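Spelled out, the chains give:
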Amino acid sequence: MNKLHDLTKGIIKENPVLVLVLGTCPTLATSTSVINALGMGAAATVVLIFSNILISALRKVIPDKVRIPCYIVLIAGLVTVVQMLVKAFAPALDESLGIYLPLIVVNCIILGRAEMFASKNKVIASALDGLGMGIGFTLALFLMATIREIFGSGTFAGIPLPVLADNHISILTMAPGGFFVFGLLIAAVNKFSKHKPKKQGGCEGCPQAEACNKIKEEAAQK
Amino acid sequence: MTNFIIILLSAVFINNYVLSKFLGICPFLGVSKKLDSAAGMSLAVIFVMLMATAVTFPIQKYLLDPNGLGYLQTIVFILVIASLVQLVEIVLKKYIPSLHNSLGVYLPLITTNCAVLGVTILNIDAGYNFAESMVNALGSGLGFFLAMVMFSGVRSTMETSDIPENFKGLPITLIAASITSLSFMGFGGIIENLFGGA
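Protein chains in written order, with numbering that gives the first Met the number 0: chain B, 0 to 221; chain X, 0 to 197.
It is possible that part of the hints are untrue.
Claimed, not checked - Dumping the calculated DSSO-like pairs for lysine-lysine here, alpha-carbon to alpha-carbon at most 30 Å:
1. B/190 <-> X/60
2. B/8 <-> X/33
3. X/92 <-> B/12
4. X/32 <-> X/92
5. X/167 <-> B/12
6. X/60 <-> B/86
7. X/32 <-> B/190
8. B/12 <-> B/2
9. X/167 <-> B/64
Keep in mind that the hints were calculated from the coordinates and are not lab data. It should be emphasised that the depicted structure is a prediction, and the values quoted were computed from it without experimental measurement.
Construct the complete structure from the given sequences, taking the supplied hints into account.
Structure (structure tokens):
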């Protein structure tokens, strides 16, 4: 039961993108088409599962003081492996994801889960947590990409749709459309979730929350 | 010379890191509430972007490429940036405490800022030489600064407006970012018009 909870919490209740609001950069950038979104989601999920497993397995070995650099190196290594695999087996995807593939290293979902979950839990639970969060990330990306691609280019996964293909709103596939659709989705999540609306973006799940809050406090004092 | 101006202008306005490439969104949404924290954060970003480019470019060209280690790019760059940020913090604290007081708090946030890693990798991908890379890093940093400062202005007016319940907080910020980004689309094409299709 507990194990099941580790897996499923990332999908809806603690969805990394729509509820915790982490990893906004890749979400906005790669949700222009469904294929890109699924590719990005899969790549990030693989990295997330393995980084959670490795970090959880090494949690007693890694000294507390240098844990963040250790996590970053582990994650960077995994990202490099995924990058090479994608280059070899899906060169078209590599082309369209471009810079965002190596940037999985600095995706705060992965570092956030390492810090929040994997460093405190057993290997199997961490693997399930990684899988769940990965699925949640992919689903959120897929949802956003579906909206942006159907209305923005009039296609779904590259297949032209009747009527919409001739009347597409191209701005949705461009940068402003990304912000706009994401804003609407978060508003919808606020509307339908019973919890009170989020005040700020993913602070509780973010590994940088401490430094970030310090800035806010200082700004408030001035 | 024209070459540098083109790189600078396109990095600041057309390919703005935040508003059209979606890099560095976290600080853009997180620290843009007050003007001085927005400016402080962006100055720290400009500084680190320039330093990171100055260090990673020779590493890629003289260490990784000749030895066929190009695939280590991501690992090496993130390590270099992380240690660089630490080093900068220590040096500033010791020698220029006044600058450390104003920028110090932002430095830890920058290690995992995707805009910094992004600019170093994009410089290599674009095939720029060292001077061009530095200009691109400066332009990207300035673009980040411009977006942050403009957006903090937008947000301060938003504080006093009446926002629908479900849009309070992040959603309305994102919608505002969307409109700000829309305004930057107006810069599209200026390079072609200024420099004759270069």
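Structure-based check of all given hints:
no. : hint           : result
1   : B/190 <-> X/60 : violated (52 Å)
2   : B/8 <-> X/33   : violated (34 Å)
3   : X/92 <-> B/12  : violated (43 Å)
4   : X/32 <-> X/92  : holds (26 Å)
5   : X/167 <-> B/12 : holds (20 Å)
6   : X/60 <-> B/86  : holds (22 Å)
7   : X/32 <-> B/190 : holds (24 Å)
8   : B/12 <-> B/2   : holds (15 Å)
9   : X/167 <-> B/64 : violated (37 Å)
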